[in-house]
Amino acid sequence: RDGYLMRGRERLLSFLSFWIKTFIFSHVRNDTRSPSLRPAEMDTCLRHASYDPWQFPSAQCSITDTPSPDGSQFHGSAEDFRRVTLSVFNEAGLLRHFNVPEARATRFFDRVYELYGANPYHNALHGQDVLSAAHCLMQQLRKLRHGPFTPLEVLALYVAALGHDAGHFGVNNAYLVNSRHALYKKSPTSTLENFHARTLAGVLTHPEDGLVDCLFSDDGAEASVGRGCQRELFLDKVNRLVLATDMAP
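Position 179 of the sequence shown, counted from 1, bears residue number 179 in my numbering, the numbering being contiguous throughout.
Just so you know, the hints here were simulated from the structure itself, not pulled from any lab data. Heads up, a few of these hints could be off.
Keeping only pairs whose Cα atoms sit at most 20 Å apart, straight-line, the calculated DMTMM-like set for lysine to aspartate or glutamate is [claimed, not checked]: (1) 185 - 246; (2) 186 - 246; (3) 186 - 236; (4) 143 - 91.
The task is simple: from the sequences and hints, build the whole structure.
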């Protein structure tokens, strides 16, 4: 029974990861200038919700109306990105649960921000939006008594939502396939998603700025599993959630 419930939670988390990106993409693809929107569909969906990410301070669009040659007006500010991510992770109680020092978390979020390029869509502001949406939906899932989700699963979802497009350089999988890009040769399927997952894993495991080394201790919140097992389990969940954002049929 426990194995069945775990597989059910993993399927729901993967679906949630895919649905969040699909939903946000469907509402911003025709307006690359303003990723943070308040679509009527979301208003209806959240009419009776207790949490609305589009009113969340960190979900406010911080881009300018003045075009810049490198497209940096789409990127959002590092300060806003840091404020939003810290707010969401603190509100979810994740930093407290895993005893992550805020200074360490801040360095991790700053590195994720730096990985995003100044693309009109796949930028840090997009990662910020997806994280806010994931937090909103997780609150509603819990309110409706779906789950239960473990803190480790929620952390993996939030980290994957934030960094699922880390390192994006403005092309799609079809381009990489047709050009026989080096990334395609390394990962013939879900090429970009595998690249993003590896990039994010590199930051997570960074010895000074990553989260993995300080997440789990022998006497920590998840001590019953064991430090090494927790590390691998967490990284595997993040990897699978990022791969789930491949929207190809």
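For each hint, the structure was consulted:
The hinted pair formed by residue 185 and residue 246 meets the criterion: a straight-line CA distance of about 17 Å does not exceed 20 Å. A distance of roughly 16 Å separates the Cα atoms of residue 186 and residue 246; the hinted pair therefore holds under the 20 Å criterion. Proposed proximity of residue 186 and residue 236 is supported: the alpha carbons are some 19 Å apart, at most 20 Å. The hinted pair formed by residue 143 and residue 91 meets the criterion: a straight-line CA distance of about 15 Å does not exceed 20 Å.
Comparing the model with each earlier hint shows no violations; every hint is respected.
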